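There are 2 protein chains.
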Amino acid sequence: MKRARVGIVGAGQLGRMLALAGYPLGIECILLDRSGDSPGGQVAQLRLGALDDAEALAALAKDVDAVTLEIENVPVEALEAAARFAPVRPGAAAVAAAQDRLAEKRLFSELGIATAPFVEVGERAALRHAAAQLEWPIVLKARRMGYDGRGQRVARSADELERAFTDLGEVPCIAEQWVRFERELSLIAVQGADRERVYYPLAENEHESGILAATTAPYDDPHLWDTAKRALDALLDRLDYRGVLTVEFFHAGGTLVANEMAPRVHNSGHWTIEGAETSQFENHLRAVLGWPLGDASPRGVAGMVNLLGRMPPRERLLSIPGVHLHDYGKAPRPGRKLGHLTIVDTSREQLLERLRLLRSEVGAAET
Amino acid sequence: MKRARVGIVGAGQLGRMLALAGYPLGIECILLDRSGDSPGGQVAQLRLGALDDAEALAALAKDVDAVTLEIENVPVEALEAAARFAPVRPGAAAVAAAQDRLAEKRLFSELGIATAPFVEVGERAALRHAAAQLEWPIVLKARRMGYDGRGQRVARSADELERAFTDLGEVPCIAEQWVRFERELSLIAVQGADRERVYYPLAENEHESGILAATTAPYDDPHLWDTAKRALDALLDRLDYRGVLTVEFFHAGGTLVANEMAPRVHNSGHWTIEGAETSQFENHLRAVLGWPLGDASPRGVAGMVNLLGRMPPRERLLSIPGVHLHDYGKAPRPGRKLGHLTIVDTSREQLLERLRLLRSEVGAAET
Chain A
1 MKRARVGIVG AGQLGRMLAL AGYPLGIECI LLDRSGDSPG GQVAQLRLGA LDDAEALAAL
61 AKDVDAVTLE IENVPVEALE AAARFAPVRP GAAAVAAAQD RLAEKRLFSE LGIATAPFVE
121 VGERAALRHA AAQLEWPIVL KARRMGYDGR GQRVARSADE LERAFTDLGE VPCIAEQWVR
181 FERELSLIAV QGADRERVYY PLAENEHESG ILAATTAPYD DPHLWDTAKR ALDALLDRLD
241 YRGVLTVEFF HAGGTLVANE MAPRVHNSGH WTIEGAETSQ FENHLRAVLG WPLGDASPRG
301 VAGMVNLLGR MPPRERLLSI PGVHLHDYGK APRPGRKLGH LTIVDTSREQ LLERLRLLRS
361 EVGAAET
Chain B
1 MKRARVGIVG AGQLGRMLAL AGYPLGIECI LLDRSGDSPG GQVAQLRLGA LDDAEALAAL
61 AKDVDAVTLE IENVPVEALE AAARFAPVRP GAAAVAAAQD RLAEKRLFSE LGIATAPFVE
121 VGERAALRHA AAQLEWPIVL KARRMGYDGR GQRVARSADE LERAFTDLGE VPCIAEQWVR
181 FERELSLIAV QGADRERVYY PLAENEHESG ILAATTAPYD DPHLWDTAKR ALDALLDRLD
241 YRGVLTVEFF HAGGTLVANE MAPRVHNSGH WTIEGAETSQ FENHLRAVLG WPLGDASPRG
301 VAGMVNLLGR MPPRERLLSI PGVHLHDYGK APRPGRKLGH LTIVDTSREQ LLERLRLLRS
361 EVGAAET
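Taken in order, these protein sequences are the chains called A and B.
Residue numbers in the first sequence follow the working numbering, run continuously in steps of one, and reach 367 at the last position.
Residue numbers in the second sequence follow the working numbering, run continuously in steps of one, and reach 367 at the last position.
To be clear, the hints were calculated from the coordinates, so they are not data collected in a lab.
Fair warning: this is a prediction, and the values are worked out from it, not measured in the lab.
Built from N, CA and C at the ideal position, the CB exists for glycine as well.
Don't take each hint at face value.
Said to hold, decoys possible - If we take Cβ atoms under 8 Å as the criterion, some of the chain A residues that face chain B in the derived model are:
hint, residue
1, Arg-3
2, Leu-25
3, Val-43
4, Gln-45
5, Gly-329
From just these sequences and the hints, can you work out the full model?
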């Protein structure tokens, strides 16, 4: 049978895991990245090129059945250039909304999805307006290019807010009221052809210094799940979406407050490789190609721990019963996501205990 | 962390699935094959070379941490040439025993592992002796190069036995008494460093025209499992084995009769990708590198169906709930293993019903 070909913009660990999920299905992924030793380039065909190079994206599109992306900061013009030669999924409109924190929050509001109160900060003069409208602390975020906690500062006073704006380079920002949350949850939905949809269960995420440290799933709360599903459904409808869509929420005051969305496979869904019937990576590819989607039901209770900055000795990790290692093939660097571990159990209590031990083991190795 | 490197002799679907299992662990597989469009070469680095070329194997060994094989018909001399530069696992002695049906049966007998009665047939004159010693029907098998039912004939009379010997090219053979079995079972064990061992559950196999058609696992029978485990233990001990070892048994007369062994990952273990905590492919690599082994416990009840000769339309396969597709990227050819499907359930009854439907679906597509 003819192999299907998917072009992926970006060849980081997400591109790598997409490519690996594609092979068993007879899907060949071709990855575009500016780095020759990227995680994805170690396991699949790599094209060297900048992610904002419209010509490179168009050339990639000519050789594949569909184009997708593993990073949302790809210029809309480059995606539109690719779309002349192959379907780009998700489409430029969805990616554009996720690239700009202001557009994203406005979209959430329009669709009736609860968010923290926010104020646009186009220039320094608007900071005073933000301080007047919002309660302290206030989180100032650059509208563009933020990820893993980068491009944002928390301010507890007008002075701190001014300094935060300076620190962020006086770029266009959004000021948000800090949300006192009980926990962070995320929901991943997938839309395929003919509006076929599947939803993973809610996942609970723990961040450290703005970087995802651990995820457990499912987080069982039917009421919150309904709330999250309604939000995702509204976004899938409005954006005429195709592929995996992730929304991160704060669980606060008994309900969900949407924080941000990612138009791609997401770190909070890595547990699905072992913990769900079909992984987010496989389902994203199936959606992008217009193939039937796979069952997104959980298989037991899963916990995922990111390996940040330094890889503990592999043999020590593999000696821990039930640990599944995912090594991204990256050079160590403080705070860098080098890999992740997943464990799956049948009991949530047991899982949490094993996860606690695993995290202390991994933490000990990092020091 | 430094990537580990494993050289694999052969780049068929087994080499392909080994390479895919290696990537998440930070293992890079380098495959040797004479074909440039092999299933393994589509997903990993390929070296072109004949599997009996001692120089090619030695060159491969120089570039890797360990050498293993995905096919047992590699000349011992070539394995020994490789072993001068890197450990070859399993070792030449184990591979030699599995290459020769007579050596294999004699080894089974020496170790007290039950086999069908057998007689060596070195030349035509020995056929009469075989007919006198054994009951009809008799299976005549070429000692070397047999797989997937090739290189064997069933004979019901002296005349048929003579013709069988002619058909097989008058090569050295072994004559075995036909076993009237209730079912075919196989057991996969893995031996790592320091004699660490794990065992998968017994799997039940169905062959069609000598080719594996379907496997279900676990086949729960503690008594038979003990019998099979004792056989595997004896072989692992004697052969100072390293890696995955598979033994196929006939279940006959309330006990197990060993049919053959394979010194490699095995088609009857493909269900372990989704159906066991750690797949046979991952555990083989871990064993070969001397790393700790992973849990071989089943996750539910799994069924595997081979896709033979022709691939049914991919979108139809993927529309069946819970089906996991493994496409080997091969051109269709009658009887050729092109891929496999796996489904996992929590109930054996449900699984068998789903498997029945799946097989009729796949069978319908083949006609």
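Checked hints:
1. The beta carbon of Arg-3 of chain A is positioned within 8 Å of a beta carbon in chain B (closest approach about 7 Å), and the interface hint is therefore held.
2. Given the 8 Å rule on beta carbons, the hint for Leu-25 of chain A holds: about 6 Å separates it from the nearest Cβ of chain B.
3. Because the beta carbon of Val-43 of chain A sits about 5 Å from the nearest beta carbon in chain B, less than 8 Å, this interface hint is met.
4. Given the 8 Å rule on beta carbons, the hint for Gln-45 of chain A is violated: about 10 Å separates it from the nearest Cβ of chain B.
5. Restraint check, Gly-329 of chain A versus chain B: the minimum CB separation of about 6 Å is within 8 Å; hint holds.
The structure fails to meet hint 4 from the earlier list, while all remaining hints are met.
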